[in-house]
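> Chain by chain, the residues:
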Amino acid sequence: MNPTRATTVIAATGILALALTACSAGGGSADITAKPDFSGSLSILTAGAGDPMAPYFEGIVKDYQAEHPDLKITLAQETDDNAIKDKEKVLIGSQSLPDVYFTYAGNWGENFAVNGLAVDLSKQIAPGTEWGDSFGTAALDAFRYEGKYYGVPFYNDAKFMGYNKRIFSELGLEVPSTFDELISDCSTIKSAGEVPIAFGNKDGWPGLHYLGQLVAYNVPRDTIDADLAPTTAKYDDPGYAKAMEQFQQLVTECTGDGSNSNGVTYTTAQQQQATGKAAMYYQELIEFDSVNTSDSQLNQDGFGIFQLPAAEGAQGDPGTLQGAPEGYMINAKSKNAPVALDFLKFLTNQKNATILSSPPYGQPSAVKGVVTEKVASPAVAEGAKLVDEAESSFAWLDMANVPEVADSWVAVSEGLVSGSLTPKAALAAVRAAAEKAK
Amino acid sequence: MTALQAPTELRPTSLEEVGRGPAHVSRRRGPVKPGARASASASGLIWLLPALAVLAVFVYWPLIQNILFSFLKWNIYSGEQTFVGGDNYVALAEDPIFWKALGNNVWYAVISVVFQVFGALVLAAIVESVRRERWRKALRAIYFIPSAISLTVAGLLFYFVYQPQTGLLNVFFDNLGLGQLSQAWLGHESTAIFAIIAMSQWQGFGYSVLLFSVALQRIPQELYEAAQIDGIGPVRRFFDVSLPLVREMTGLMMIVTISGAFQVFNEVMVMTSGGPNNSSQVLGTWLYHAGFVTNDFGSAAAIGVAIFVITLLLAAAQLAYSRKKRVEW
Chain A
0 MNPTRATTVI
10 AATGILALAL
20 TACSAGGGSA
30 DITAKPDFSG
40 SLSILTAGAG
50 DPMAPYFEGI
60 VKDYQAEHPD
70 LKITLAQETD
80 DNAIKDKEKV
90 LIGSQSLPDV
100 YFTYAGNWGE
110 NFAVNGLAVD
120 LSKQIAPGTE
130 WGDSFGTAAL
140 DAFRYEGKYY
150 GVPFYNDAKF
160 MGYNKRIFSE
170 LGLEVPSTFD
180 ELISDCSTIK
190 SAGEVPIAFG
200 NKDGWPGLHY
210 LGQLVAYNVP
220 RDTIDADLAP
230 TTAKYDDPGY
240 AKAMEQFQQL
250 VTECTGDGSN
260 SNGVTYTTAQ
270 QQQATGKAAM
280 YYQELIEFDS
290 VNTSDSQLNQ
300 DGFGIFQLPA
310 AEGAQGDPGT
320 LQGAPEGYMI
330 NAKSKNAPVA
340 LDFLKFLTNQ
350 KNATILSSPP
360 YGQPSAVKGV
370 VTEKVASPAV
380 AEGAKLVDEA
390 ESSFAWLDMA
400 NVPEVADSWV
410 AVSEGLVSGS
420 LTPKAALAAV
430 RAAAEKAK
Chain B
0 MTALQAPTEL
10 RPTSLEEVGR
20 GPAHVSRRRG
30 PVKPGARASA
40 SASGLIWLLP
50 ALAVLAVFVY
60 WPLIQNILFS
70 FLKWNIYSGE
80 QTFVGGDNYV
90 ALAEDPIFWK
100 ALGNNVWYAV
110 ISVVFQVFGA
120 LVLAAIVESV
130 RRERWRKALR
140 AIYFIPSAIS
150 LTVAGLLFYF
160 VYQPQTGLLN
170 VFFDNLGLGQ
180 LSQAWLGHES
190 TAIFAIIAMS
200 QWQGFGYSVL
210 LFSVALQRIP
220 QELYEAAQID
230 GIGPVRRFFD
240 VSLPLVREMT
250 GLMMIVTISG
260 AFQVFNEVMV
270 MTSGGPNNSS
280 QVLGTWLYHA
290 GFVTNDFGSA
300 AAIGVAIFVI
310 TLLLAAAQLA
320 YSRKKRVEW
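Line by line, the protein sequences are chains A and B.
FYI, the numbering for the first sequence is 0 to 437, going by numbering that gives the first Met the number 0.
FYI, the numbering for the second sequence is 0 to 328, going by numbering that gives the first Met the number 0.
Simulated from the structure, these hints should not be mistaken for lab results.
Treat the hints loosely; a few may be bogus.
[As the list claims (entries may be wrong)] For lysine-lysine, the following BS3-like pairs were computed, each having C-alpha atoms within a straight-line distance of at most 30 Å:
| hint | chain 1 | residue 1 | chain 2 | residue 2 |
| --- | --- | --- | --- | --- |
| 1 | B | Lys-72 | A | Lys-84 |
| 2 | A | Lys-147 | A | Lys-276 |
| 3 | A | Lys-233 | A | Lys-423 |
| 4 | B | Lys-136 | A | Lys-437 |
| 5 | A | Lys-334 | A | Lys-88 |
| 6 | A | Lys-435 | B | Lys-99 |
| 7 | A | Lys-34 | A | Lys-350 |
| 8 | A | Lys-147 | B | Lys-72 |
| 9 | A | Lys-435 | B | Lys-72 |
| 10 | A | Lys-84 | B | Lys-136 |
| 11 | A | Lys-423 | A | Lys-437 |
| 12 | A | Lys-84 | A | Lys-147 |
| 13 | A | Lys-84 | A | Lys-373 |
| 14 | A | Lys-332 | B | Lys-72 |
| 15 | A | Lys-233 | B | Lys-99 |
| 16 | A | Lys-86 | B | Lys-136 |
| 17 | A | Lys-233 | B | Lys-72 |
| 18 | A | Lys-86 | A | Lys-147 |
| 19 | A | Lys-147 | A | Lys-423 |
| 20 | A | Lys-84 | A | Lys-71 |
Please model the entire structure based on the sequences and the hints provided.
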């Protein structure tokens with residue numbers, strides 16, 4: 000046996016563990032109110048690697064550098080989701096979090112905030128402050144933990160059903176207003192030989208996004224909030240099973256690949272809609288301009304959006320919209336926290352927020368009043384308007400829950416798609432994970 | 000029938016001599032004074048120290064630390080650590096996905112032994128029986144090509160092969176009129192791990208064939224000629240001449256293949272990340288999952304210890320086997 004190969008995995012864990020032991024609890028010591036020293040250095044970690052976002056941050060850094068030529072800026076970019084999560088955990092372990100780093104809302108950001116890894120920005124960004132008033136209150140509240148504001152909202156995000164207007168028009172369909180109407184429309188679309196909804200669940204979270212919205216529709220919000228905390232979680236509301244049943248019905252009757260969807264990536268599904276081969280695709284607001292590009296078939300056919308409709312008589316909140324802003328935090332141990340703060344103000348000024356919201360980036364800035372039809376594509380502008388008008392919002396299930404429970408939701412979403420889990424068994428798995436997390 | 004025996008003078012007396020080949024003659028050294036021997040040993044140790052230090056710091060110290068951490072529970076964000084004794088091991092024993100992952104590793108090992116050891120040996124024998132050297136070389140190269148592709152690339156390649164609608168495999172079944180066999184190979188709990196294992200066989204098979212070819216080439220040709228004179232056919236020659244004389248390589252390949260099966264990681268991460276519904280988790284991916292997804296580095300360390308113990312036992316078996324099974328001809 001090759002000893003190096005035999006111990007690689009263990010050694011990697013051990014090295015990370017070694018690094019972790021060096022971590023110390025407690026808050027940081029960054030003085031955010033000091034005068035910025037623009038002759039030092041600034042490190043930034045974004046979740047914008049790849050197209051379309053990498054050039055945006057490169058441009059921002061270039062412009063900021065031009066204003067502060069003596070500042071040494073290090074920009075690191077990771078792709079959204081798993082890559083950025085892994086990177087940040089390793090950086091925490093090795094005590095090398097950059098001065099400015101990306102964060103999700105919900106439990107992810109909370110871990111940074113309550114464990115002394117993020118600067119309390121309440122005096123700078125809380126509602127009522129000059130900078131804070133440039134953002135919507137809901138976006139700021141997404142990063143409020145224990146009554147303090149830790150995050151700078153970068154863009155708003157939410158999930159919508161994008162649809163192909165040509166297909167809907169040719170089949171005489173209207174935007175569905177109830178879940179049953181959606182299922183009925185799927186049947187019509189399928190009969191016409193088209194794919195009703197493009198769906199790829201290889202990564203588990205696309206299914207989780209359906210489940211999150213359906214859970215919010217079917218389970219009263221107070222019950223959900225109690226179940227999100229492992230200490231009070233019961234998961235005994237019948238609305239959970241109802242949401243899972245609706246999800247399975249949607250997968251079976253509306254998607255092209257049905258129970259095979261776990262073998263399809265979400266980008267494949269994205270392409271199906273972009274090329275006009277699918278009538279609908281459930282997508283994030285930040286994806287709109289990537290799917291509906293100017294040269295795509297979808298763009299020629301016409302791209303519209305609507306909120307996933309709730310079933311009639313659903314016991315939860317039919318007015319709630321699933322989604323959450325994503326943003327940035329400042330390392331509590333940063334030696335250049337004032338510069339980091341200045342950079343984040345630069346990042347979220349009107350000019351840069353406008354560029355962010357415009358094609359090809361199409362990320363609806365969290366800065367108030369920026370996302371209009373003059374700046375953003377019609378779909379992005381409409382999505383941002385719907386986010387503003389939503390009665391309430393509900394964070395992604397995998398971000399709202401503690402990691403053990405979030406992980407069980409991802410697994411059951413796959414089991415429900417393949418049909419290996421019944422809603423009852425799926426709910427039991429989530430309940431067991433919540434019990435274990437207590 | 001017993002295996003044919005080579006003349007006694009051709010037999011190597013040690014494994015090292017086997018490595019050098021039958022033509023090698025070892026040089027004997029004259030008597031060495033005890034003082035000179037001790038001095039030589041001391042100076043030898045000095046030269047070994049840098050390597051030992053690197054090993055100690057980068058291999059053995061993390062290993063020991065990993066074992067210690069398997070008795071802890073800690074918050075990676077705050078750095079807070081709590082000693083929990085054997086709780087992580089108890090939780091592991093009660094975790095059905097850990098056993099599922101272990102079972103998948105066992106499947107990996109069993110299937111790999113069948114294809115990459117016995118299958119590869121048969122194919123190597125067929126290749127080596129080809130009369131023209133040019134063809135033998137070409138066939139060895141053709142079989143080896145998949146092994147030259149990185150596992151990550153091969154995993155991505157097979158992800159497309161297994162695509163439910165446009166993947167080559169399902170298109171192949173459809174064209175054969177076997178459309179009912181088409182499915183999402185990586186998307187179903189019952190097929191995901193086997194689809195990954197199949198890819199792994201494709202990728203590793205050629206390497207095993209090459210190693211067995213080398214072992215078969217070392218068998219003296221006169222043994223085959225003697226068997227042929229006795230009227231023994233090719234199949235029986237394989238079982239009665241080739242198989243016994245590559246027994247040592249076969250044993251070694253079995254241990255290496257089984258050890259590798261318990262360390263599998265890349266292909267699973269690339270193709271399914273352990274899904275769907277954790278059905279294709281293996282110990283390596285479950286370790287990663289415990290640490291990087293659920294932030295439970297204590298459990299991750301415990302899984303690491305489990306992998307270490309399993310591979311250590313297999314390594315011990317390998318050493319014991321190679322001491323016992325010497326090539327004799």
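> Output the indices of the hints that this structure fails to meet, ascending.
2, 4, 10, 13, 16, 19
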